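Guided by the hints, dock chain B onto chain A, whose structure is given.
In order, the protein sequence lines correspond to chains A and B.
All residue numbers for the first sequence refer to the working numbering, where the first residue is 98 and numbers rise by one.
All residue numbers for the second sequence refer to the working numbering, where the first residue is 391 and numbers rise by one.
Honestly, the hints are just simulated from the structure, not real lab data.
Note that the structure is a prediction, hence the values are computed from the model and not measured.
Quick reminder that beta carbons are idealized off the backbone N, C-alpha and C, glycines included.
A couple of the hints might just be wrong.
With beta-carbon atoms standing in for the labels, derived distance ranges [what the hints assert, rightly or not]: (1) SER149/A - THR504/B: 36 to 42 Å; (2) ILE195/A - TRP459/B: 53 to 59 Å; (3) ILE421/B - ASP131/A: 54 to 60 Å.
These are the residues of each chain, in order.
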Amino acid sequence: MPNDIWNTLMNLDRRWVYLVIGLVTFLPILVTVDTPVQITSEVKSVFDRVESLPEGTVIMVPMEYSPDTMAELQPMARAVLRHCFSKGLKVISTALQIQGVLLIEQDLRTVANEFDKVYGEDYVFLGYKPYPDIVILNMGENFRLPFPNDYYDNDLDDLPMMAGVSNYSSVACIVNINATSGVDSWINYANGRYKADLALGVTAVIATDYYAFLQSGQIFGLMGGLKGAAEYERLIGRKGVANKAMTSVSVAHVFIILFIIIGNVAFFASGRGKRA
Amino acid sequence: MRREVPLTIVFVCGAFMAFQYFVPHHVSATIYQYALNWTIIIGIFTLTVGIGSLINLHYDRISKRKERWQYSIVTLVALAYMTILGLLSPNALQDPKSLLMTMYFYVLSPVQATMFALLAFFIASAAYRAFRAKTLLATLLMLSAVIVMLGRVFIGDFLTGWLPEGMRFSDVARYILDYPNTAAKRAIYIGVGLGVGVTTLKIILGIERTWLGGGK
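In isolation and in its complexed conformation, chain A is listed as follows (with noise of 0.2 Å):
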């Protein structure tokens, strides 16, 4: 009999693992719960990073992501552009990736209103242009030869803030939230080739592919997910979306891995295992 329960499992309905993963992700949601949040010296960095300039200084915060991985990146996106703001950091902005142009613009310009920023004079929107690492090789010569207009038809020369900022040297960091290939593009050209000082801020399932950037100083910071956006979130004193969500996510990751126990031991005491 025994033996039937753990068969039973072997072959347990995948919609059984969906059901229980909808209920702890979206349940979590519902009630207000403090997820203590260790805050990683990678996300401190970047914090730190941008903490230390002087108001008045140029950041660019170029954001390549689109709705798929908003849920991760936007809060991240958010958080980094009310410190900039909060700071009086002047911020340029990029979309490189097609699909998220929109939704970038509509959270650059809902954070500059929280803080009453006037486009233009403190931050200026880019856009998009095809083809990135082309766009990254050109923005290292000069801003206007790939943007000679910014998203919104401007002459980037009747921007009062675009006046003497030609390239990446005119910048004190990048820190580019990105949930697609191109960080490596960034990596590569803008830190390679034009020594641009860089962070990023990537999809927690791309993350470990830039520790080892981090530790050979290609990047000065690295945010993975929503945890390294929850952490950012907590830096600035500002518990928004990510922290929010934090709880869903503790919680999922200790149901996954339940159910990868269960799944062991029924696979073991089936006898599976020793055929195995």
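Same frame as chain A, but now just chain B:
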């Protein structure tokens, strides 16, 4: 000539781009700038080829009533609709209430977000079915996954908070990310880098010619 001309162009452009990287003279910088602009122009032409190819593919599926041909109609109608919408209202991007923006925020955005959200369910199901401690390597992989998952959230330290610092889940997760993970990734990156370098050299020198396509 059909082969020699493209091979010559690739050789000249490839050799120049490698050369100019190490020679920051204003002449090479100017030519480099022209090359970058040309790449964008050529890229835009390839976009046209891509759209043409997409239309051909789906037209073929519809005309031959291939499996799930109905979806191809949706693709073509969506392509035409969004293109016409954009062309008819060039200022739509500045108006959050325009039809183009509405389609983006209330159709495309939820569809994409939903598709990606499904990953959580598939990952859980795959973890339940596939993560088995069948061998030593599989066991190590599974343990690493469990430790990193727990170490990244507060529950990891909640469970191991009684252990001395350096032995808690978050510390071990950190060690896994910093050392075994980084060492493996670095090895992969170096291998990929060398491979890319060698392949590029073979293309520039005309040894690798499969990109020319066609037969002999």
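Results for each hint:
no.: 1; hint: SER149/A - THR504/B: 36 to 42 Å; in the structure: holds, 40 Å
no.: 2; hint: ILE195/A - TRP459/B: 53 to 59 Å; in the structure: violated, 27 Å
no.: 3; hint: ILE421/B - ASP131/A: 54 to 60 Å; in the structure: holds, 59 Å
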